[in-house]
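Those protein sequence lines, which keep their order, are chains A and B.
Under the numbering used here, read the first sequence as residues 406 to 482, first letter to last.
Under the numbering used here, read the second sequence as residues 56 to 410, first letter to last.
None of these hints come from the bench; they were simulated from the model.
Among these hints, one or two may not hold up.
Each computed PhoX-like pair below joins lysine-lysine, with the alpha-carbon atoms no more than 25 angstroms apart [as the list claims (entries may be wrong)]:
id: 1; chain 1: B; residue 1: K395; chain 2: A; residue 2: K411
id: 2; chain 1: B; residue 1: K339; chain 2: B; residue 2: K258
id: 3; chain 1: A; residue 1: K464; chain 2: B; residue 2: K288
id: 4; chain 1: B; residue 1: K270; chain 2: B; residue 2: K288
id: 5; chain 1: B; residue 1: K323; chain 2: B; residue 2: K300
id: 6; chain 1: B; residue 1: K194; chain 2: B; residue 2: K339
id: 7; chain 1: B; residue 1: K355; chain 2: A; residue 2: K444
id: 8; chain 1: A; residue 1: K411; chain 2: B; residue 2: K258
id: 9; chain 1: B; residue 1: K194; chain 2: B; residue 2: K80
id: 10; chain 1: B; residue 1: K167; chain 2: A; residue 2: K464
id: 11; chain 1: B; residue 1: K288; chain 2: B; residue 2: K339
id: 12; chain 1: B; residue 1: K167; chain 2: A; residue 2: K411
id: 13; chain 1: B; residue 1: K167; chain 2: B; residue 2: K277
id: 14; chain 1: B; residue 1: K203; chain 2: A; residue 2: K411
id: 15; chain 1: B; residue 1: K194; chain 2: B; residue 2: K270
id: 16; chain 1: B; residue 1: K355; chain 2: A; residue 2: K449
id: 17; chain 1: B; residue 1: K203; chain 2: B; residue 2: K300
id: 18; chain 1: A; residue 1: K444; chain 2: B; residue 2: K339
id: 19; chain 1: A; residue 1: K464; chain 2: A; residue 2: K411
id: 20; chain 1: A; residue 1: K449; chain 2: B; residue 2: K194
id: 21; chain 1: B; residue 1: K285; chain 2: B; residue 2: K258
id: 22; chain 1: B; residue 1: K395; chain 2: A; residue 2: K449
id: 23; chain 1: B; residue 1: K339; chain 2: B; residue 2: K355
id: 24; chain 1: B; residue 1: K339; chain 2: A; residue 2: K449
id: 25; chain 1: B; residue 1: K203; chain 2: B; residue 2: K277
id: 26; chain 1: B; residue 1: K285; chain 2: A; residue 2: K411
id: 27; chain 1: A; residue 1: K431; chain 2: A; residue 2: K449
id: 28; chain 1: B; residue 1: K395; chain 2: A; residue 2: K464
Sample of chain B residues with no beta-carbon within 12 angstroms of chain A, all distances over it, derived [as the list claims (entries may be wrong)]:
id: 29; residue: R58
id: 30; residue: K75
id: 31; residue: K203
id: 32; residue: L222
In this text, all values refer to a predicted model and were calculated from it rather than measured experimentally.
Glycine included, every Cβ here is placed at the ideal spot set by N, Cα and C.
What follows is each chain in one-letter form.
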Amino acid sequence: MNLNIKYFGLLVEVTQCSEETIVFSKASVSELLNMLFEKYPNLKNKDFQVALNNEIVSKNTLITENELALLPPFSGG
Amino acid sequence: MSRYSRHIVLAEVGQEGQNKLSQAKVLVIGAGGLGCPILQYLAAAGVGTIGIVDFDVVEVSNLQRQILFGTSSLGINKALAAKTRLEDLNPTININAYPEKLTVNNALELFKNYDIIVDGTDNFPTRYLINDTAIMTNKPIVYGAIYKFEGQVSVFNYQNGPSYRCLFPIPPQKGSVANCSEIGVLGVLPGIIGTMQANEVIKIILGFDGVLSGKLLCYNAKTNQTTQLKITKSISEFENALHRKDDYNEISCETQVPEISVEDALQKDHIQFIDIREYDEQPKLDLPNCIHIPLNELDKTLNKVNLKNTNILFCQNGIRSKTAVEILQRHNITNCYSLKGGAVAILEHLKIDVQ
């Protein structure tokens, strides 16, 4: 299926894009992340949470929706 | 006309709502980019008691975004300078300035005297300290954080809602966020995010529906896109809040490690520069005797470090490189220094050389 992925904050500097659509057939968030780590090796060193259809989910969640977001913590104030 | 007539005329506020504002006690941690607009609107709205915690002093580079301060405040403690400005804005309220750092030693005592805690800090250890102390004292937190052109806003620990740890359970790994280097921020961004935080504080005080609890609002100043992400409460993260005191430790920036200036480093024999910044950090430096090992890979890449060389480790400004030297020392690699001033100092040196 087609999966739309949004990147926030410093992750945009790693992926060089704020949004992309990828074709994805595997099942869980962690499997998707492994695929993204191959594409963007530096992503592995970053801390972030994953949101599926605008809801923060754990890494073992099954991907049933096609909107995904990768959200790092911000420290600035 | 009274000072608050534009509030009182609103059916949803009225004299009753204005009385709630004047009885409210709000503690704002950090009087910086976020804290300034938060404090300005809370004081103008007539929030009866406002506490301000900040240990830092006003510097000229703050004035691009920290709108409570002017050139006459330079060198003055931010909590005290903010109090002076706010007392002129609204002399009818009580303002308590705490010109100190929020620590495990004073947090509980400070939080006890207030109803709502506002997080306008600029570092992860303090954000976790605020979260955990708010859970212990059962106070809601109005949270805001920024990065370059993007901001996050939420309300935590409000009416049984989720906490900051339910969103981000543990602080980021040291070195994975470039928090020691100056990354820059669009001046108006903390104005927008801080004003959103002030809005949430006022909604909580007035008892409005629609408080931003259980949701993280993400705002992008470049695209004007806002996204709201749902956060689920995790009971175990509330328990963790009670015994994760290590999370408040400063990134080990200030311990004693050998440091060296660019000039002194160049006098040494067999020097090897090691750039420990992330791969995407700018400016890139094209030095002949330089290898690149990001800080969080250093532990696993020790074989790249030649023990016969004098290793000069650098980051952007010379702060993270101290942590890097500590890591090497733990592995008994002692012939290493943290470069004072980091990549910025090297660039300066190269410029002078060219001239």
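Evaluated hints:
1. Straight-line distance between C-alpha atoms of K395 (chain B) and K411 (chain A) comes to about 38 angstroms, which puts the hinted pair past the 25 angstroms bound.
2. A hinted pair counts as satisfied when its Cα atoms are at most 25 angstroms apart, and K339 (chain B) with K258 (chain B) does not qualify at roughly 47 angstroms.
3. Annotation: proposed proximity of K464 (chain A) to K288 (chain B) holds, straight-line Cα distance about 16 angstroms (limit 25 angstroms).
4. For the given pair, K270 (chain B) sits about 11 angstroms from K288 (chain B) by alpha-carbon distance, which is consistent with the 25 angstroms threshold.
5. Between the alpha carbons of K323 (chain B) and K300 (chain B) the distance comes to roughly 42 angstroms, so the proposed pair goes past 25 angstroms and is violated.
6. A hinted pair counts as satisfied when its Cα atoms are at most 25 angstroms apart, and K194 (chain B) with K339 (chain B) does not qualify at roughly 45 angstroms.
7. In summary, the hint linking K355 (chain B) to K444 (chain A) is supported, as the alpha carbons are separated by about 21 angstroms, within the 25 angstroms threshold.
8. With a C-alpha separation of about 30 angstroms, the suggested pairing of K411 (chain A) with K258 (chain B) is violated against the 25 angstroms cut-off.
9. Under the criterion of a C-alpha separation no larger than 25 angstroms, the hint pairing K194 (chain B) with K80 (chain B) is consistent with the structure, at around 11 angstroms.
10. Of the supplied pair hints, the one linking K167 (chain B) and K464 (chain A) is violated, its CA atoms being roughly 37 angstroms apart against a limit of 25 angstroms.
11. With a C-alpha separation of about 42 angstroms, the suggested pairing of K288 (chain B) with K339 (chain B) is violated against the 25 angstroms cut-off.
12. Only pairs whose Cα atoms come within 25 angstroms are accepted, and K167 (chain B) paired with K411 (chain A) is rejected, the gap being roughly 40 angstroms.
13. For the suggested pair K167 (chain B) and K277 (chain B), the alpha carbons sit about 39 angstroms apart, so the restraint of at most 25 angstroms is broken.
14. Straight-line distance between C-alpha atoms of K203 (chain B) and K411 (chain A) comes to about 17 angstroms, which keeps the hinted pair within the 25 angstroms bound.
15. With a C-alpha separation of about 18 angstroms, the suggested pair K194 (chain B) and K270 (chain B) falls inside the 25 angstroms cut-off, and the hint holds.
16. Between the alpha carbons of K355 (chain B) and K449 (chain A) the distance comes to roughly 14 angstroms, so the proposed pair stays at or under 25 angstroms and holds.
17. A threshold of 25 angstroms between alpha carbons decides the hint, and for K203 (chain B) with K300 (chain B) the separation of about 29 angstroms lies outside it, so the pair is violated.
18. With a CA separation close to 22 angstroms, the supplied pair K444 (chain A) and K339 (chain B) stays within the 25 angstroms bound.
19. Restraint check for K464 (chain A) and K411 (chain A): the C-alpha separation of about 16 angstroms stays at or below 25 angstroms, so the hint holds.
20. For the given pair, K449 (chain A) sits about 35 angstroms from K194 (chain B) by alpha-carbon distance, which is inconsistent with the 25 angstroms threshold.
21. A hinted pair counts as satisfied when its Cα atoms are at most 25 angstroms apart, and K285 (chain B) with K258 (chain B) qualifies at roughly 19 angstroms.
22. The hinted pair formed by K395 (chain B) and K449 (chain A) fails the criterion: a straight-line CA distance of about 29 angstroms is larger than 25 angstroms.
23. Annotation: proposed proximity of K339 (chain B) to K355 (chain B) holds, straight-line Cα distance about 23 angstroms (limit 25 angstroms).
24. A C-alpha spacing of about 21 angstroms is found between K339 (chain B) and K449 (chain A), which places the hinted pair at or below 25 angstroms, so the restraint holds.
25. With a C-alpha separation of about 10 angstroms, the suggested pairing of K203 (chain B) with K277 (chain B) holds against the 25 angstroms cut-off.
26. With a CA separation close to 15 angstroms, the supplied pair K285 (chain B) and K411 (chain A) stays within the 25 angstroms bound.
27. For the hint pairing K431 (chain A) with K449 (chain A), the CA-to-CA distance comes to about 19 angstroms; that is within 25 angstroms, so the pair holds.
28. Pair hint K395 (chain B) plus K464 (chain A) does not hold up; C-alpha atoms about 40 angstroms apart against a cutoff of 25 angstroms.
29. At roughly 29 angstroms, the least C-beta separation between R58 (chain B) and chain A is larger than 12 angstroms, which holds for a residue marked as non-interface.
30. Every Cβ of chain A is farther than 12 angstroms from the Cβ of K75 (chain B); the closest lies at roughly 27 angstroms, confirming the non-interface assignment.
31. For K203 (chain B), the non-interface assignment is contradicted: its Cβ lies about 8 angstroms from the closest Cβ of chain A, within the 12 angstroms cut-off.
32. Against chain A, the non-interface label of L222 (chain B) is violated: not every CB pair exceeds 12 angstroms, the least being about 6 angstroms.
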